Amino acid sequence: MLPILLRIHPDEWFAARMEDGVPIVGVWLPCLLWALYAAVSLRLARRADETRGDGDPTEVVAQRWVALAGFGALLSLPLWIGAVLPKDFAGVPVFGYGVMIFCGFAAAGWTGLRRARRAGLPDGLVYDLTFWAFAAGIGGARLNYLLRFHDRVFAAPEGRSLSLLEAAYRAVNLTDGGLVLLGGVVGAALAFTLVCRRWKVSALLVADVAIPSAFLGLAFGRIGCLMYGCCWGDRCELPWAIHFPEGGVTYEALVGRGFLSPDAPRTYGLHPTQLYSSFNALVLSALTAAYFPRRPRNGAVLALALLTYPPARATLEALRGDDTGFLDTGLTHAQTVAIILFALGVLLAAWLTWGPREPNGTASSAVSGSGGRGPGSVAG
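Quick note: the sequence shown uses the working numbering, first residue 127, plus one each step.
Quick caveat, the hints were computed from the structure, so don't treat them as lab data.
Check the hints yourself; a few may be wrong.
Claimed, not checked - FRET-style restraints, in silico, Cβ to Cβ:
hint, residue 1, residue 2, range
1, Ala469, Leu158, 47 to 55 Å
2, Leu168, Val210, 28 to 36 Å
3, Arg240, Pro422, 18 to 26 Å
As the list claims (entries may be wrong) - Here are the simulated EDC-like pairs of lysine to aspartate or glutamate, each with C-alpha atoms no more than 16 Å apart in a straight line:
hint, residue 1, residue 2
4, Lys213, Glu138
5, Lys326, Asp254
6, Lys213, Asp137
7, Lys326, Asp389
This one's a predicted model, so the numbers in the text were calculated from it and none came from an experiment.
The beta carbon of each residue, even a glycine, is placed where N, CA and C say it ideally should be.
Please model the entire structure based on the sequences and the hints provided.
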């Protein structure tokens, strides 16, 4: 469990120390990360300039100015921000869960881009899809959490009710936890549909391209769950059982439910379901990636995912201890959704087998009127 990876002190340039077991760093680390971002952005801008072949360096020049402005802003922070920070300021926390989510989307975007190029899809489509899927996925995951745990999130102090401003803050306060994977899947799926419609591409082809990368991103996300302490497993006596320390999300939840004594120094042994889920996602990512070039028609990779992930998720849910059930059905929320997704997978597989066929394989390289840089029409 590592909810906070480190804290950044924007009022110090070269800080590098430990405080209460948490690394403290200065502005040098954001500067290093910004340098990496600037280098990648400039390389992409140069590649885009070479692809256009019109000799217009506008995009490269703009990226250079953005890079310089970013460095200037970061390097100036220690000169003035100390005057506005509170005296007990402990630094800007960098949460392990958020870092893993970001790494997951970065890995998914990179592998998805390579696969999309092999399929003849334009780079701009992948960039749009990655951005909007990330934004809608986070929004959907948070909304699902608020719907399921609104009593906990919006619990008012005794003697008064929450103000509108307080309620709004709690709704968006991700530092206090609160994302549900399946809500994120729904949000990302809606964004996926809209982006495909905007670009006029075959949704089945794009889904086949994206599925292996989505599973790869999920593998990173589940490691983030382990670092934060959510999505924990049920009691486990096996040698690989894990224990969460006092004060963590898992510890507090088990104490609150009466399963653990408040005097216990840590939780009893639990199944590391986060690691099980991460390994499962990696296996499915490899399986669907290997199947992609062998698929008989567009949509087959999506069907394979819908026929394999729901049973695996339902099985893993039986080992989890964080969900108290759904409407007295004996099933968890995720198991209920898994049944629905599996049924959709059966229907899709049947339609792909006996329904009307569309052209398979890679998309045509033409994206009308844009040279591959804007929305157009891509053959499915």
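Here is what the structure says about each hint:
1. Distance hint check: the CB atoms of alanine 469 and leucine 158 are about 49 Å apart, consistent with the given range 47 to 55 Å.
2. Range check, leucine 168 to valine 210: about 33 Å between beta-carbon atoms, so the 28 to 36 Å window is met.
3. Between arginine 240 and proline 422 the CB atoms are about 22 Å apart, so this pair conforms to the stated range of 18 to 26 Å.
4. Among the hinted pairs, lysine 213 with glutamate 138 is consistent with the structure: their alpha-carbon atoms are about 14 Å apart, no more than 16 Å.
5. For a cut-off of 16 Å, the pair hint linking lysine 326 to aspartate 254 stands: about 13 Å separates their Cα positions.
6. For a cut-off of 16 Å, the pair hint linking lysine 213 to aspartate 137 stands: about 12 Å separates their Cα positions.
7. For the suggested pair lysine 326 and aspartate 389, the alpha carbons sit about 60 Å apart, so the restraint of at most 16 Å is broken.
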